[in-house]
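Residues per chain, in single letters:
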Amino acid sequence: MRLSPKDWQGLTLAAIALIVVACLPLVASGYQLSLGVTVAMYTVLATSWAIFSGPTHYISLATAAFFGVGAYVTGIGITYLPYWALPLIAGVIAAVMAALVGLATLRLSGVYFVIFTLGLAEFLRQVITWGQNISGTKGIYVLTSITEAHIFWQLLGLAALVWLAGWAIGRSRLGFALRIIGDDEVVAKHAGIDTARAKILLFMLPGGVAAMTGAILAPRYVYIEPLIAFTPMLSFQVVIMALLGGTGRLWGPIVGVIPFTFLWEAISRSFPNQTTLLLGIAFLAIVYLLPKGFVGLIESARRRTEGWS
Amino acid sequence: MTPVLSLRGVTKRFGGLTAVNSMDFDVAEHEVLGLIGPNGSGKSTTLNLISGAFPVSAGEITLRGAPITSMPAHLIARRGIARTFQLVRLLPHMTVLDNVRAGAVFGHRRRWGHEADRIAAEMLDKVGLGGRGHLAVGQLTYIDTKRVELARLLAGEPKVLLLDEWLAGLNPTELQDGIALIKRLRDEGRTVILVEHVMDAIRSLCDRCVVMAAGTKIAEGTPAEVLSDATVIRAYLGDDDA
Numbered sequence: 002m003r004l005s006p007k008d009w010q011g012l013t014l015a016a017i018a019l020i021v022v023a024c025l026p027l028v029a030s031g032y033q034l035s036l037g038v039t040v041a042m043y044t045v046l047a048t049s050w051a052i053f054s055g056p057t058h059y060i061s062l063a064t065a066a067f068f069g070v071g072a073y074v075t076g077i078g079i080t081y082l083p084y085w086a087l088p089l090i091a092g093v094i095a096a097v098m099a100a101l102v103g104l105a106t107l108r109l110s111g112v113y114f115v116i117f118t119l120g121l122a123e124f125l126r127q128v129i130t131w132g133q134n135i136s137g138t139k140g141i142y143v144l145t146s147i148t149e150a151h152i153f154w155q156l157l158g159l160a161a162l163v164w165l166a167g168w169a170i171g172r173s174r175l176g177f178a179l180r181i182i183g184d185d186e187v188v189a190k191h192a193g194i195d196t197a198r199a200k201i202l203l204f205m206l207p208g209g210v211a212a213m214t215g216a217i218l219a220p221r222y223v224y225i226e227p228l229i230a231f232t233p234m235l236s237f238q239v240v241i242m243a244l245l246g247g248t249g250r251l252w253g254p255i256v257g258v259i260p261f262t263f264l265w266e267a268i269s270r271s272f273p274n275q276t277t278l279l280l281g282i283a284f285l286a287i288v289y290l291l292p293k294g295f296v297g298l299i300e301s302a303r304r305r306t307e308g309w310s
Numbered sequence: 158m159t160p161v162l163s164l165r166g167v168t169k170r171f172g173g174l175t176a177v178n179s180m181d182f183d184v185a186e187h188e189v190l191g192l193i194g195p196n197g198s199g200k201s202t203t204l205n206l207i208s209g210a211f212p213v214s215a216g217e218i219t220l221r222g223a224p225i226t227s228m229p230a231h232l233i234a235r236r237g238i239a240r241t242f243q244l245v246r247l248l249p250h251m252t253v254l255d256n257v258r259a260g261a262v263f264g265h266r267r268r269w270g271h272e273a274d275r276i277a278a279e280m281l282d283k284v285g286l287g288g289r290g291h292l293a294v295g296q297l298t299y300i301d302t303k304r305v306e307l308a309r310l311l312a313g314e315p316k317v318l319l320l321d322e323w324l325a326g327l328n329p330t331e332l333q334d335g336i337a338l339i340k341r342l343r344d345e346g347r348t349v350i351l352v353e354h355v356m357d358a359i360r361s362l363c364d365r366c367v368v369m370a371a372g373t374k375i376a377e378g379t380p381a382e383v384l385s386d387a388t389v390i391r392a393y394l395g396d397d398d399a
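Those sequence lines, one after another, are chains A and B. The numbering used here numbers the first residue of the first sequence as 2 and each following residue consecutively. The numbering used here numbers the first residue of the second sequence as 158 and each following residue consecutively.
Please keep in mind that the hints were generated in silico from the structure rather than gathered at the bench. Heads up, the beta-carbon is just placed ideally off N, CA and C, and yes, glycines get one too. Hints are supplied without guarantee of correctness; some may be wrong.
To be verified - With the Cβ distance kept under 10 Å, some of the chain B side facing chain A (calculated, not the full set):
#1 170
#2 233
#3 249
#4 256
#5 258
#6 264
#7 309
To be verified - Label-pair restraints from in silico Cβ distances:
#8 B/275 - A/113: 53 to 63 Å
#9 B/185 - A/174: 31 to 41 Å
#10 A/16 - B/293: 30 to 40 Å
#11 A/19 - B/271: 55 to 65 Å
Please model the complete structure; the sequences and the hints are all you need to start from.
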């Protein structure tokens, strides 16, 4: 792959931005850092989600399923294995799971896929609950010496990897194939694209990344139980944030994540009992008012100013 | 010489309905074969079977002697069979150039980078859309969308082109342009199967015609031969009018 001066410029700017953000734990208060971790977490989840669902328009609600698997890998594995190995193991397990889910569902289109992915998280939650009932255990304690700052840096590193992967995919044959699939799957097939393979390969990315995120974040929760690890709310929030930012560009989701995290923080503090209702209203508002997210808004504004000049 | 494409006993049943019944025909290198017949006679289904849109129920399809029967569509496309659709199908959110690039990148030759860009631009020139690559497909006229679809096929450098009523729905002026364009492909020595209703086009473009009615082949020969064939006339006009 040959890089143009503009590519180098973009990469350098991104690297500098990353280094600046990495200094946050050195200056921020505990509360600010905790918000920083939340932003980093949703950035990783929403960006990786958009790499697959953006071009293909297959809305995945499986984030919570993979995230929960990752959290449980850390919860169970922390007593036997070094902490650094756990996110990697979680990533591999979830990527394999995603491939299997993809094999089973990605041949189906649209709605079936959405429902299946939603059901997957619920299914895993019930299985683990059932396992706990049988063995008589409750949740798992994840007691480590890992601090919020460590978690933040790990998530930041993961975010950098996700952006790099997304950038490389966007320039690759696979990325082009996905955009064609999203536009017209029948044309894609008859043009010579192995649509099932392309979709499965790319679905493994958000799956693996969500599990790594769960594995990294498990120590933050201290106590893990199925309802925390597999909460369907997580899947919906990721979709909403990615759509709010816009999935047409790699930097789109983070533009949605930052305002939404602060908004959500305010909502859950002021209206702790109405969060789900407000999440639903937020979703409707975004779909109706900002169908292409902030990215679409920015780009149409840019086009308009170009038209004037 | 082995034919480029060959169908033997190709049959397709949908439940109790036999849409295509034991079709046999060959397409020779550099030949333009017209596949004609009344509506519902199984022409498009035959194209769908060749291009792998769905599997055949019986029979064999070979490309230069190698079986491609019931292979998945993307593998057939990579082997070098490219098709258009009865209702034009473009990639609506991509530019004209990217639509054509899709063919170059994933078609028979699978090019990439500058190579793919060059071929895509060349094919746009060939179909008469040179310099319009940056346009959104929504800005095109009807015939131009058809040109883009054709350019996408050509960009894959296929061995056989399947054109499914490519000339349908054009106004008289556009029709002349369309026929001229396909004539140029023919003069380049491309191998084409043309599903077509427009008689002028059939007469001036096809080397040979296969006529279908109710899923079976009822005649085969030069356009002049088949169009004067009594069975064919009956199939088109019905018994009373013949």
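Each hint tested on the structure:
1. 170: Violated: closest Cβ of chain A sits about 22 Å from residue 170 of chain B, beyond 10 Å.
2. 233: 8 Å, holds
3. 249: 6 Å, holds
4. 256: 9 Å, holds
5. 258: This interface hint holds because 8 Å falls under the 10 Å limit.
6. 264: With a closest approach of 5 Å, the residue 264 of chain B hint holds.
7. 309: This hint holds: residue 309 of chain B lies near chain A, its Cβ roughly 7 Å from the closest one there, short of 10 Å.
8. B/275 - A/113: 53 to 63 Å: This hint is violated: roughly 41 Å between Cβ atoms.
9. B/185 - A/174: 31 to 41 Å: At 34 Å between Cβs, range holds.
10. A/16 - B/293: 30 to 40 Å: The hinted range 30 to 40 Å holds for residue 16 of chain A and residue 293 of chain B, with Cβ atoms some 34 Å apart.
11. A/19 - B/271: 55 to 65 Å: Because 32 Å falls outside the window, the suggested range is violated.
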